[in-house]
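Chemist: Start from chain H and add chain U according to the hints.
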Amino acid sequence: MNKIFKIITNLSAVAVTGIIMVSCSADKDSAGLEYMPDMYRSPAIEPYVDYGEVRGKINETLKNTASALTPPKHTVPYYGTNEEDVLLMLPYNRKPSAAFASTHGLFGYDYTTNTEADYEYNQAANDKNPLILNVKNSEAIFKKGKELFAANCMHCHGEKGDGNGPMVTSGAYAGVPNYADKAALGDGQLFYSIYYGKGAMGAHASMLNKKEIWTLVHYIRKFQNASYGTFSPDGTSAVAAVSDSVKVDKPAKK
Amino acid sequence: MSNGVFSHTTKNLFMKIFINQVFKSVNKWALATLSMLLFAGSFNANAQGEGLFKAKCATCHQPHKNGTGPKLFQVRKKWADGGAKEGSIYQWVNNWQAAAASDPYAQTVSTWAASAMQAFPELKKEEIDAIFDYVDSTPDPAAGGAAGGAADGSGGAMGESNMSEETEEGSFSWVWILLGVIFAVIIGAVSGVRRQLKAALNEANDADEQSYMQEFKAWAWKNKIYVGITSLVLVFSLIVSLVLSLGDIGVVEDYQPSQPIEFPHDIHAGVNGIDCKYCHNSVTKSKSASLPTVNVCMNCHKQVNGRTPEQQEKIKAIYEAAGWSTEGAGSYTGHTKPIKWNKVHVLPDHVYFNHSQHVVVGGVDCKQCHGDMTKQKETARVVPVGELNKIEGNIPLTRPTLTMGWCIECHGEKAIQEGPLDGKKDGYYDEIHRRLLNNDKSLYNKYLDDGKVTVKELGGWECAKCHY
Chain H
2 MNKIFKIITN
12 LSAVAVTGII
22 MVSCSADKDS
32 AGLEYMPDMY
42 RSPAIEPYVD
52 YGEVRGKINE
62 TLKNTASALT
72 PPKHTVPYYG
82 TNEEDVLLML
92 PYNRKPSAAF
102 ASTHGLFGYD
112 YTTNTEADYE
122 YNQAANDKNP
132 LILNVKNSEA
142 IFKKGKELFA
152 ANCMHCHGEK
162 GDGNGPMVTS
172 GAYAGVPNYA
182 DKAALGDGQL
192 FYSIYYGKGA
202 MGAHASMLNK
212 KEIWTLVHYI
222 RKFQNASYGT
232 FSPDGTSAVA
242 AVSDSVKVDK
252 PAKK
Chain U
661 MSNGVFSHTT
671 KNLFMKIFIN
681 QVFKSVNKWA
691 LATLSMLLFA
701 GSFNANAQGE
711 GLFKAKCATC
721 HQPHKNGTGP
731 KLFQVRKKWA
741 DGGAKEGSIY
751 QWVNNWQAAA
761 ASDPYAQTVS
771 TWAASAMQAF
781 PELKKEEIDA
791 IFDYVDSTPD
801 PAAGGAAGGA
811 ADGSGGAMGE
821 SNMSEETEEG
831 SFSWVWILLG
841 VIFAVIIGAV
851 SGVRRQLKAA
861 LNEANDADEQ
871 SYMQEFKAWA
881 WKNKIYVGIT
891 SLVLVFSLIV
901 SLVLSLGDIG
911 VVEDYQPSQP
921 IEFPHDIHAG
931 VNGIDCKYCH
941 NSVTKSKSAS
951 LPTVNVCMNC
961 HKQVNGRTPE
971 QQEKIKAIYE
981 AAGWSTEGAG
991 SYTGHTKPIK
1001 WNKVHVLPDH
1011 VYFNHSQHVV
1021 VGGVDCKQCH
1031 GDMTKQKETA
1041 RVVPVGELNK
1051 IEGNIPLTRP
1061 TLTMGWCIEC
1071 HGEKAIQEGP
1081 LDGKKDGYYD
1091 EIHRRLLNND
1101 KSLYNKYLDD
1111 GKVTVKELGG
1121 WECAKCHY
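If you're matching them up, the sequences are chains H and U in order. Note that the numbering used here has the first sequence beginning at 2, numbered continuously upward. Note that the numbering used here has the second sequence beginning at 661, numbered continuously upward.
Excised from the complex, chain U in its bound form:
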């Protein structure tokens, strides 16, 4: 609390949270007392209502947000204002079809969504009231969740600042080029002046005028040892840098193409704990790990529509792609539009790579090649090998990510099974292990010198394993 800016902002934050908390608790307390006064006979009405709401209603209804069913906050008032018959809301809960048949307002409610509500004939009027009282007493998260929203907002701002940094870097090199050009012009101008002066001097001394070239040649001849060594070094360094830059062709480390939606992996895989294999679900069955189709996004985003305006904007792009209309209960219109993602991990056609082979049979964790996506704030990128090596549990490698050297280095390190193979059953490799044990025991023992049988020793370095 002692240093300037920091303490000021934290103080502000604390104040905000404090005020929020006070407001919330006062709100809760007031509502609780109100409901207690109303139902003096049943002190535990709220608890009963909460239990019933969670057990019977919460799957489809939320207090403050439309979901599968409409929001229930002050629903009794809504029905009364809408001109519903007295008591028809209780009938609705017990058997909505009967209510819809007898009450015109209930009839209009039944057309709210295409899906039908479950009937709850076992709920008594008091119980239904307890549920509604509980719902009316819940604070609106949209009003109380300002702190959470602010935190998310700062995340978004951080992403933006990253972006501007990048563009700055781009313009930065242009500044250098411009500066170089200006310096060259100045040097040229100065030497021009110098030359003019010299020419004037020569004229006065009656000497021959020399061209630039002749002047340079004379100077170079005078200092031929230095000039020779310098030019030799220059030529060699040029050749070396050329050869080195050839080695960069096809190395795509740190490649992060732009994407139509700035997808934050850290929120999905990190905060919300969604397994990689949920969205990239063909990874266990197919060669490709698959980009999630929009229906997979919509499995959650049908309900999750963002807390901050930036998030809402991004999620709107999903709705547009899925053809989801947010009106009323929300519905699919059938007018879909593809999201055009840019491919990040590009392998040439002349190499065969199969995700399911590595993930299912080899038991390789996603992070061995793709890094820790639970901390990746932006869309995917080709994570450099140095960063991959820092992740716990990864086999450390030296060659750049996504190069052949990197692949076969891992094939030379990764153990198919730890220890001897006797008596172990591995399913996929049964046959190859059987042959190894039965045909060539000495070879097998040689493999086991380092205590493991690697992918390489079972043919993982054969050209035709990946190139055919």
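Isolated chain H (complex conformation):
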């Protein structure tokens, strides 16, 4: 009897030591013990979750695979029921040229069939900003534009739009143009450049939606003309109607 007891004591001592030893050898890539592992990963797919193990079941083929995917081609995201917003968010009508695949990595797009260099870009000069400024919305649009500019453009183009952002002043990057030198470009060309990229600048279509880009186009215009989009105090006339996209009266409904 005593012997059996002894064996049990010895075995449990070995087991406890073993557990302590195992818990000591921490895996740097493991976040640690979980209280209820079966509730940590749901089988419903979400981005940035490793589905290699769900509810205790190991699935080797799913381990460490991408769960954040691009939306299927030609699908349109839901933008609510406001007609103007929905029209604004419809897929962009201008196509990139086939060269964008090798210069900007834009694979899988519908390319323009016109072989003339920069054909679509030149055509875009005639595109007008569909986000029409008026006395009521201009303040909000410029505020939003400032936010977007600070997050997406400022590090290269600079706070004043002079092409001297912290990326340039730190010496990491060169060749950022001053917006003031580009006043001759059309609204549509600014949009096209942000959307598909131009020269050294990459495509920002994956990061900004169409409404945001058109908002930025308004904001960039402000660098080129300080009175762009400002209205007289009584709101009846624009101080400087430099573009068709600044309307004095209410925007004409389509």
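Derived lysine-lysine pairs resembling DSS-like cross-links, with alpha carbons at most 30 Å apart: (1) U:LYS945 / H:LYS161; (2) U:LYS937 / H:LYS147; (3) U:LYS1027 / U:LYS1050; (4) H:LYS183 / U:LYS731; (5) H:LYS129 / H:LYS145; (6) H:LYS183 / U:LYS716; (7) U:LYS937 / H:LYS74.
Hints are computed from structural coordinates only; laboratory data are not their basis.
Modeler: Chain U alone, transformed into the frame defined by chain H:
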């Protein structure tokens, strides 16, 4: 300058910088005089060239580095050596298509990159020469930027020393275990010897041989008060430490998994001033803050390819992932490869957390939860709450980062709006504020006792807000 090693290295550094500066200025001066001699008529040729270069060319061309367009340093010599027709380079600038049609060398240049150069018909021959003179007079940053490179190199070395420290720490605990085992063996051996001697003594005295257990029991019985108290304390401390260690389950403070690329946040968000929301761009629109896809990296790294060999090695990993070939002007090959990052901030599925809700509606700054990433030299980690509290502007909290206590503590502190809600419009919370004002004024006034309406008071402590 008085103490040994420090002064020596600084002296060296100063010497280096000094020599560099002298070299640079001599270089500049010599080139400037040369260009002045060549164009004695126009003393301001260099300034004119610089202005024109910056306004017309710099977007695509750099003097010493290929970008969207090829590097322009001594491009006239390059064309002449390449067998281009006399004057065809000027024609190229005015209208490259015409030049490509008439000159076979220009034709080969036109195939350098898939993108086409803009035509500049307004530039005169003298102006183009001024641009080229300016470009030829610029010093090569690769030769002159040694000081900057050295500074970056030291950063890399620092990261390495951190790494080795960590591995040392790991082996350190093994040393202790080994030492413990050795001590146990020594103690066992000594007590064995002692026992043998005692046994010999007992034999001589003709006493009974005692087993270890009997010996221990006799000793314990003799000192039963001390033994009792000690064992009681031992058992209690064991139980307490067990309970405490249970509290560590699911606490992931300081968790910093290894990553495929040692991404330095301080260089990107700190030195280069890139907003968090540029790379983690879905943070304002989605539940997840999103890891930047490689195309976002390439928006800058197409041009930025590193100053030191370590940096170049790291950036090469991005090129491999993006399928970017650096040959010639550089081009995307289409052969991409995913970068497999390890997730740092892991929340269990049974809790719902939405980034856009907190960042856009709540106006919470990234640093409240993620710390000051502009100073984080390595990849991300779960920053402990103690460090988060030290950051200016953060709401101080007590519970460990990423635990429920930490979340709801903040919900109890964070004001939706400072002061009374009357007349304020907050968009997202309009409806809930309207109801609060119209239905239960007394409750609203009670909330305002501390001068603010917190997330908790608008339902931020309801279970179903996060668990459903």
